[in-house]
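Peer 1: The residues making up each chain are set out below.
2 protein chains.
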Amino acid sequence: MKAIKVGLLGIGTVGGGTFQVLRRNQDEIRGRAGRAIEIAMVADLDVERARAIVGDACPVVTDARQVIANPEIDIVVELIGGYGVAKTLVLEAIAAGKHVVTANKALLAVHGTEIFAAAHAKGVMVAFEAAVAGGIPIIKALREGLTANRIEWIAGIINGTTNFILSEMRSKGLDFATVLKEAQRLGYAEADPTFDIEGVDAAHKATIMSAIAFGIPVQFDKAHVEGITQLQAADIKYAEQLGYRIKLLGIARRRDTGVELRVHPTLIPAHRLIANVEGAMNAVVVQGDAVGTTLYYGKGAGAEPTASAVVADLVDITRLATADPEHRVPHLAFRPDAMSDLPILPMEQVHSAYYLRLRVADEAGVLSRITTILAEHDISIDAVLQRESAEGERQTDLIILTHDTQERRVNQALAQMQGLPSVLAPIVRLRKEELA
Amino acid sequence: MKAIKVGLLGIGTVGGGTFQVLRRNQDEIRGRAGRAIEIAMVADLDVERARAIVGDACPVVTDARQVIANPEIDIVVELIGGYGVAKTLVLEAIAAGKHVVTANKALLAVHGTEIFAAAHAKGVMVAFEAAVAGGIPIIKALREGLTANRIEWIAGIINGTTNFILSEMRSKGLDFATVLKEAQRLGYAEADPTFDIEGVDAAHKATIMSAIAFGIPVQFDKAHVEGITQLQAADIKYAEQLGYRIKLLGIARRRDTGVELRVHPTLIPAHRLIANVEGAMNAVVVQGDAVGTTLYYGKGAGAEPTASAVVADLVDITRLATADPEHRVPHLAFRPDAMSDLPILPMEQVHSAYYLRLRVADEAGVLSRITTILAEHDISIDAVLQRESAEGERQTDLIILTHDTQERRVNQALAQMQGLPSVLAPIVRLRKEELA
Chain A
1 MKAIKVGLLG
11 IGTVGGGTFQ
21 VLRRNQDEIR
31 GRAGRAIEIA
41 MVADLDVERA
51 RAIVGDACPV
61 VTDARQVIAN
71 PEIDIVVELI
81 GGYGVAKTLV
91 LEAIAAGKHV
101 VTANKALLAV
111 HGTEIFAAAH
121 AKGVMVAFEA
131 AVAGGIPIIK
141 ALREGLTANR
151 IEWIAGIING
161 TTNFILSEMR
171 SKGLDFATVL
181 KEAQRLGYAE
191 ADPTFDIEGV
201 DAAHKATIMS
211 AIAFGIPVQF
221 DKAHVEGITQ
231 LQAADIKYAE
241 QLGYRIKLLG
251 IARRRDTGVE
261 LRVHPTLIPA
271 HRLIANVEGA
281 MNAVVVQGDA
291 VGTTLYYGKG
301 AGAEPTASAV
311 VADLVDITRL
321 ATADPEHRVP
331 HLAFRPDAMS
341 DLPILPMEQV
351 HSAYYLRLRV
361 ADEAGVLSRI
371 TTILAEHDIS
381 IDAVLQRESA
391 EGERQTDLII
401 LTHDTQERRV
411 NQALAQMQGL
421 PSVLAPIVRL
431 RKEELA
Chain B
1 MKAIKVGLLG
11 IGTVGGGTFQ
21 VLRRNQDEIR
31 GRAGRAIEIA
41 MVADLDVERA
51 RAIVGDACPV
61 VTDARQVIAN
71 PEIDIVVELI
81 GGYGVAKTLV
91 LEAIAAGKHV
101 VTANKALLAV
111 HGTEIFAAAH
121 AKGVMVAFEA
131 AVAGGIPIIK
141 ALREGLTANR
151 IEWIAGIING
161 TTNFILSEMR
171 SKGLDFATVL
181 KEAQRLGYAE
191 ADPTFDIEGV
201 DAAHKATIMS
211 AIAFGIPVQF
221 DKAHVEGITQ
231 LQAADIKYAE
241 QLGYRIKLLG
251 IARRRDTGVE
261 LRVHPTLIPA
271 HRLIANVEGA
281 MNAVVVQGDA
291 VGTTLYYGKG
301 AGAEPTASAV
311 VADLVDITRL
321 ATADPEHRVP
331 HLAFRPDAMS
341 DLPILPMEQV
351 HSAYYLRLRV
361 ADEAGVLSRI
371 TTILAEHDIS
381 IDAVLQRESA
391 EGERQTDLII
401 LTHDTQERRV
411 NQALAQMQGL
421 PSVLAPIVRL
431 RKEELA
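In order, the protein sequences belong to chains A and B.
Everything in the first sequence is counted per full-length UniProt numbering, starting at 1 for the first residue and increasing by one.
Everything in the second sequence is counted per full-length UniProt numbering, starting at 1 for the first residue and increasing by one.
Isolated chain A (complex conformation) (with noise of 0.2 Å):
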């Protein structure tokens, strides 16, 4: 049977991994799916790179819009990133009725919803098993082998240069800035780190994530982001000592009035499985209510790891191509005429538990003060740990970690403990989740 023929936009760390991946394996890969899948045309800017990568194999040339009009290439994959020139490309590839695969989660998650829109209404597939978790097949198993599953929730590990930091900080209590230029000099963080450290590169995940998993459309703008620059090496420490470990989750979780979206730092109880994924791992949890708890992990990023998830795209074109498109794996899960118009909660309305670290003078009553605060918003205590102070110390450490409440109400009660005088110093606030 003829070879499905693919169009590379974009030659760089993943093209490279897929070029090399496709070629490896090729027999394995054909032996799979029937047919042959061949790069036959690379369009990069960098014709030089792009050349030593693919020899001979195949044209490079530097204007994508080549690729897209090939008559011959039945699948363009995009790995361009960001959400300029790569969403022009999509959409112009959409529109000549190329299928499309793309690892590009910043695209997805801002434009998603008018990018599958196209996609459908022109009959052709946009694939994405590389824009979350790199090389774990998240994407197949929330949209196809939970597919009986109402999801509850999913909690994941989705930025590998966050976790690398955080596993570091804890196991050499060192602090924030010393990691980050240690990740840095081994490659595990990029010169300018603001989307991982920030939080953002997680938070497209999470958006596209909730979307898969509740049927709703990507709302990347509702996601509440926090990074984890302002982690201290404290409260990594404290936490430890309570149990916890913490981690830069990305969350999604259904309630009752809408989908809870939102990525920040949060304390773990130190034996989930989760707790214990480390350096530049990646791993999601899915809770779903038939199948209850499931966990996967692997590698987040890289060049094979990210190629592993594109190729799967291809086969998986290559054989629902052929298939009736109303009996296609609907690109969102769910079937555009049965989306959910849930909406996405607002922080304030979000419900977690609380870390929360008070720098309080070391006198009578502060603790009561404290507490009486928390009681009258209806917040219930679930741990206290009091530092002793130190000899001739005035002040002290106050931890204390909540039960499931309502954002709103630790909000309000942190703004009225901050005013006490006997609080010496900003309050830390971070989230924990059980993932019971």
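Watch out, some of these pointers could steer you wrong.
Said to hold, decoys possible - Computed list of lysine-lysine pairs in BS3-like fashion (alpha-carbon distance at most 30 Å, straight line): (1) B/K222 - A/K122; (2) B/K222 - B/K122; (3) A/K222 - A/K87; (4) B/K122 - A/K2; (5) B/K237 - B/K172; (6) A/K122 - A/K2.
Hints listed in this document are in silico derivations from the structure and should not be mistaken for laboratory results.
Could you slot chain B onto chain A? The hints should help.
Peer 2: Quick look at chain B alone, frame taken from chain A:
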């Protein structure tokens, strides 16, 4: 669009779960699949039990052949189990042109080749996600999610009963017989637990995974099967002191000369994620050349977790039924003309590291004699643990961890050591895998 009609053969635990999930989540499932999926007929010898579950929702019959002969039925779900009548009925359903979904690992591990060939010839699908690791979508991950990869090895905790027993033995320091009784009382082990505790169930599942990972026929008769009935609490304790946990693993590994297919208690480094999978949970680690290490975790049994997999298969069939049959996911991941003839290696040719416990006389020269024998067989030592003898005791436990070597050499060395006068009891030999 017309609903897909399903006939259920057997409505015990999993059948009941499937009925419940399909009913409870029918909107969710229709929204994803694009068609309703309805149970249109149920066959069970226990009509009363069946009727109690399905009520008036559909006809209940005692004769499975009525379901197969029903022209309305698109998909037959076999949940009878075992190699006997289940095999006949599955083949009859295929002959009648029905797609088949089954959770029957024993049937597929032993008769899979014949069944898949019949299905291929008839142009129908036989789906079996529920046959391995319950609700974890591991078949889908292997056949589709990791389709770009040359799979190198798979190692799984794929039997919940034995993992529960091992977890209890370790955490409570109890022996096998005591924990087995507790497991039976709690419903984690069956009245006749032979298939679980002797490793047969895990070997069925490992056999199926070996086939779809490497594109070889199912060859259960060539699997090495070793259960946990001989495992002693002392070895769990010594393993822990050396930084290892003991798990019953199903292992399938590709070597140049063939495939290792084995189930046995295995020491795993305690810090590996899979070493921390406790209780009745399952987890499978898959190593692919592009993706690296991935892990899949969840409930491996139970009504609704297994139903989650059965229903996912129903949706997949609903989708792929309209695709060109040549483009469906091949039963054993590779197309029939792309299967490999790599043989299953005999156990003597398997490579592993080893844990040896010797009960030895506490006298000079013993360690030297034993290490000399290992050296003569070219087995290098990774670690030695010699328990100090208690006062007045004239014998002691000597624990040796070896580096990777061939099983044949270890057998020969063990035979020689066992003949030493200072070796006072049968030597305990366990295998150790770093899973790195």
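Peer 1: Please write out, lowest number first, the hints stated earlier that are contradicted by the structure.
Peer 2: 1
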